Amino acid sequence: MKDHERKFLEDTLAHHSASIANELREGFGTEEIIEDKNTLTDNGGMWVRGYLTGWLTLIRGCSTGNPNISPDDIAEIGTLVDEHGGRIAGEVYS
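According to the working numbering, the sequence shown is numbered sequentially starting from 1.
Hints listed in this document are in silico derivations from the structure and should not be mistaken for laboratory results.
Quick caveat, the model's predicted, so the values are computed rather than measured.
From the three backbone atoms N, C-alpha and C, an ideal C-beta is built for every residue, glycine too.
There could be a bad hint or two in this list.
Label-pair restraints from in silico Cβ distances [unchecked claim]:
{"hint": "1", "residue 1": "T39", "residue 2": "I74", "range": "26 to 34 Å"}
{"hint": "2", "residue 1": "T39", "residue 2": "G65", "range": "32 to 40 Å"}
{"hint": "3", "residue 1": "S94", "residue 2": "P67", "range": "32 to 40 Å"}
{"hint": "4", "residue 1": "S63", "residue 2": "K37", "range": "30 to 38 Å"}
{"hint": "5", "residue 1": "D3", "residue 2": "G54", "range": "15 to 23 Å"}
{"hint": "6", "residue 1": "K7", "residue 2": "S70", "range": "14 to 22 Å"}
With the hints as constraints, model all of the structure from the sequences given.
Okay, here's the thing in structure tokens:
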């Protein structure tokens, strides 16, 4: 993943966690997506990974013409979700 792509995804998590939490709430019951006020369940975390993967595919496709992502990209997205998942869980909980 390129630096600008990672920065975009980090900014998305940092500044749009409330919006992401709202989308999660619309599709799932609270108990399905958060373990407690600081932790996403596996289902919640996987949904956020899919959400970010979609954004990465979109920005990469628009900037390079090739939307493909690698296993390393998926791993890096997982790391981002692990780092920022508590913020999203907190928004769902509130």
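Consistency of the hints with the structure:
{"no.": "1", "hint": "T39 - I74: 26 to 34 Å", "verdict": "violated (21 Å)"}
{"no.": "2", "hint": "T39 - G65: 32 to 40 Å", "verdict": "holds (38 Å)"}
{"no.": "3", "hint": "S94 - P67: 32 to 40 Å", "verdict": "holds (34 Å)"}
{"no.": "4", "hint": "S63 - K37: 30 to 38 Å", "verdict": "holds (37 Å)"}
{"no.": "5", "hint": "D3 - G54: 15 to 23 Å", "verdict": "holds (20 Å)"}
{"no.": "6", "hint": "K7 - S70: 14 to 22 Å", "verdict": "holds (18 Å)"}
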